Amino acid sequence: MSLPYLLRLVCLCLASFFLLHMALGFAVTLATPVAIRLAERMRPRKASRFLLALRLFPSAFSLLLVAGLCAPSYLLLEPAFTQEEVSLWCVAAALLCVTLVVLSLVRCARAARRSIGYIRYCQLVGRQERLAGESAPVWVVDGPAPFLALAGILHPRLIISRSVVNALPSGELAAALRHEQAHQLSRDNFKRLLLILAPDLFPLWRGFARLERVWNRFAEWAADDYAVAGEPHRSISLASALVSVARLGACPQAAPLVTSLLADNQDLAERVERLLRDFPGEPGEERKSLTVKIAGVAASVPVLLLMFHPVTLTSVHGLLEYLTH
Amino acid sequence: MEALGPLEITVMEILWQHGDSNVHDVTQRLDRPLAYTTVMTTLDRLFKKGLLDRRKSDRAFFYQPRLSRAEWEQKRAGDFVAGFLAAPQTSGEFLVSCLVDAVGRHDEALLDELERKIRLKRKELYRRRKT
Numbered sequence: 034m035s036l037p038y039l040l041r042l043v044c045l046c047l048a049s050f051f052l053l054h055m056a057l058g059f060a061v062t063l064a065t066p067v068a069i070r071l072a073e074r075m076r077p078r079k080a081s082r083f084l085l086a087l088r089l090f091p092s093a094f095s096l097l098l099v100a101g102l103c104a105p106s107y108l109l110l111e112p113a114f115t116q117e118e119v120s121l122w123c124v125a126a127a128l129l130c131v132t133l134v135v136l137s138l139v140r141c142a143r144a145a146r147r148s149i150g151y152i153r154y155c156q157l158v159g160r161q162e163r164l165a166g167e168s169a170p171v172w173v174v175d176g177p178a179p180f181l182a183l184a185g186i187l188h189p190r191l192i193i194s195r196s197v198v199n200a201l202p203s204g205e206l207a208a209a210l211r212h213e214q215a216h217q218l219s220r221d222n223f224k225r226l227l228l229i230l231a232p233d234l235f236p237l238w239r240g241f242a243r244l245e246r247v248w249n250r251f252a253e254w255a256a257d258d259y260a261v262a263g264e265p266h267r268s269i270s271l272a273s274a275l276v277s278v279a280r281l282g283a284c285p286q287a288a289p290l291v292t293s294l295l296a297d298n299q300d301l302a303e304r305v306e307r308l309l310r311d312f313p314g315e316p317g318e319e320r321k322s323l324t325v326k327i328a329g330v331a332a333s334v335p336v337l338l339l340m341f342h343p344v345t346l347t348s349v350h351g352l353l354e355y356l357t358h
Numbered sequence: 002m003e004a005l006g007p008l009e010i011t012v013m014e015i016l017w018q019h020g021d022s023n024v025h026d027v028t029q030r031l032d033r034p035l036a037y038t039t040v041m042t043t044l045d046r047l048f049k050k051g052l053l054d055r056r057k058s059d060r061a062f063f064y065q066p067r068l069s070r071a072e073w074e075q076k077r078a079g080d081f082v083a084g085f086l087a088a089p090q091t092s093g094e095f096l097v098s099c100l101v102d103a104v105g106r107h108d109e110a111l112l113d114e115l116e117r118k119i120r121l122k123r124k125e126l127y128r129r130r131k132t
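In order, the protein sequence lines correspond to chains G and U.
Going by this note's numbering, the first residue of the first sequence is number 34, and it counts up by one from there.
Going by this note's numbering, the first residue of the second sequence is number 2, and it counts up by one from there.
No lab work stands behind these hints: they were computed from the structure.
Possibly wrong hints are sitting among the right ones.
To be verified - Using C-beta positions, here's what the derived DEER-type ranges look like:
#	chain 1	residue 1	chain 2	residue 2	range
1	G	A178	U	P34	55 to 63 Å
2	G	K326	U	Q18	55 to 63 Å
3	U	R55	G	P66	33 to 41 Å
4	G	K326	U	G79	14 to 22 Å
5	U	R67	G	L230	40 to 48 Å
6	G	L227	U	R67	39 to 47 Å
7	G	S203	U	G20	53 to 61 Å
8	U	Q65	G	R246	30 to 38 Å
9	G	R195	U	V82	53 to 61 Å
10	U	W17	G	L227	40 to 48 Å
11	G	P202	U	L111	30 to 38 Å
On a predicted model such as this, the values are computed, not experimentally measured, just so you know.
The beta-carbon is built from N, C-alpha and C at its ideal position, and this holds for glycine as well.
Generate coordinates for the entire structure from the input sequences, incorporating the hints supplied.
Put into structure tokens, the structure is as follows:
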């Protein structure tokens with residue numbers, strides 16, 4: 034297939050992204066069991082960050098390589114404004130990449146629409162109230178369905194059903210609200226959006242589902258740790274709140290970009306046992322020292338220099354030529 | 002899939018655990034002493050039901066399961082549900098309601114157990130504080 038200069042660039046970038054993403058994605062899928070075992074030895078907050086980074090690594094790194102290597106090498110070394118033949122394999126890879134991206138965008142738009150609809154519904158039927166121990170007002174919704182959730186990305190809101198407010202004593206309610214605040218502080222809804230936006234391994238195949246499930250579990254545990262802060266009484270209150278809310282009935286995930294106190298009942302027993310056994314606490318955010326920051330910058334300079342070195346660009350251009358033909 | 006008797010299930014358990022075995026091996030691994038011929042008949046019946054494969058070696062048959070334990074359980078559950086739902090509509094509804102009840106009872110028992118642990122922990126904490 035003969036394509037003009039700019040269209041060929043787009044085709045090559047998309048095909049390169051697809052191939053890189055697929056190779057890295059397979060590597061991540063293979064490494065998932067080991068990564069999960071490693072994460073289980075870490076503190077939940079660190080584990081959730083590690084698993085999120087691993088999940089986003091294939092798409093982020095592929096994007097970096099395409100933008101930092103493929104596009105510059107093509108623009109610098111490919112003779113301008115020429116018409117050239119592009120192999121069908123290359124076009125097929127580019128089309129698969131487009132399918133992956135479109136599917137991710139559709140998934141993301143659908144999740145955003147459902148979440149916005151959910152928030153609007155809650156604002157329509159609920160009203161803002163100040164609950165004991167909570168500085169900001171909380172949306173309280175009348176109705177039989179029991180839930181306590183954090184909804185929204187830019188301005189997350191705490192939404193709670195009247196049945197939960199009535200069922201929980203003040204200590205347990207405060208612990209449950211602190212759990213949701215932890216999700217707010219760690220921007221878990223935004224991370225959920227990133228997970229939905231990150232392309233799959235292959236169109237219509239959720240190759241990272243296990244990684245995302247385990248990330249979700251660690252994110253819940255990290256929020257539990259923040260809410261409890263190593264205090265035995267808070268720990269018992271939160272455990273009791275979890276059981277009380279579970280007793281009120283099933284709490285289905287209301288919308289994809291909403292974090293609920295009990296979205297996954299499967300994990301309930303493990304969470305309660307952990308709260309009673311460990312009284313877990315989250316140490317304060319460790320500040321990265323200036324030395325670490327300087328080391329990071331110093332390490333990235335040679336990488337950037339290497340990326341734009343003529344030999345690197347020529348080699349990448351050679352690979353792109355191979356991909357084109 | 003035909004239902005299995007207690008001895009047949011025990012024999013299947015042994016084969017799932019130890020793999021390729023002959024009649025003598027299975028007889029040795031049983032919890033209670035049983036006649037060689039009883040075990041042989043049971044293995045032969047399981048072979049005829051299509052649950053075992055067998056090969057001859059030195060005039061003795063060696064048996065091994067055709068399905069893994071998980072596959073067998075999945076097939077059994079699938080056959081059971083399919084059989085129930087093939088009956089008139091009321092049977093299907095009855096099955097679903099029974100399953101929901103069973104899950105509900107299981108959940109209730111789990112929540113009771115968790116609540117008991119929370120109460121114990123509270124008491125323990127209270128006692129520790131007093132001392």
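For each hint, the structure was consulted:
no. : hint                          : result
1   : G:A178 <-> U:P34: 55 to 63 Å  : holds (59 Å)
2   : G:K326 <-> U:Q18: 55 to 63 Å  : holds (56 Å)
3   : U:R55 <-> G:P66: 33 to 41 Å   : holds (35 Å)
4   : G:K326 <-> U:G79: 14 to 22 Å  : violated (58 Å)
5   : U:R67 <-> G:L230: 40 to 48 Å  : holds (45 Å)
6   : G:L227 <-> U:R67: 39 to 47 Å  : holds (45 Å)
7   : G:S203 <-> U:G20: 53 to 61 Å  : holds (59 Å)
8   : U:Q65 <-> G:R246: 30 to 38 Å  : holds (34 Å)
9   : G:R195 <-> U:V82: 53 to 61 Å  : violated (38 Å)
10  : U:W17 <-> G:L227: 40 to 48 Å  : holds (43 Å)
11  : G:P202 <-> U:L111: 30 to 38 Å : violated (22 Å)
Of the numbered hints listed earlier, those contradicted by the structure are 4, 9 and 11.
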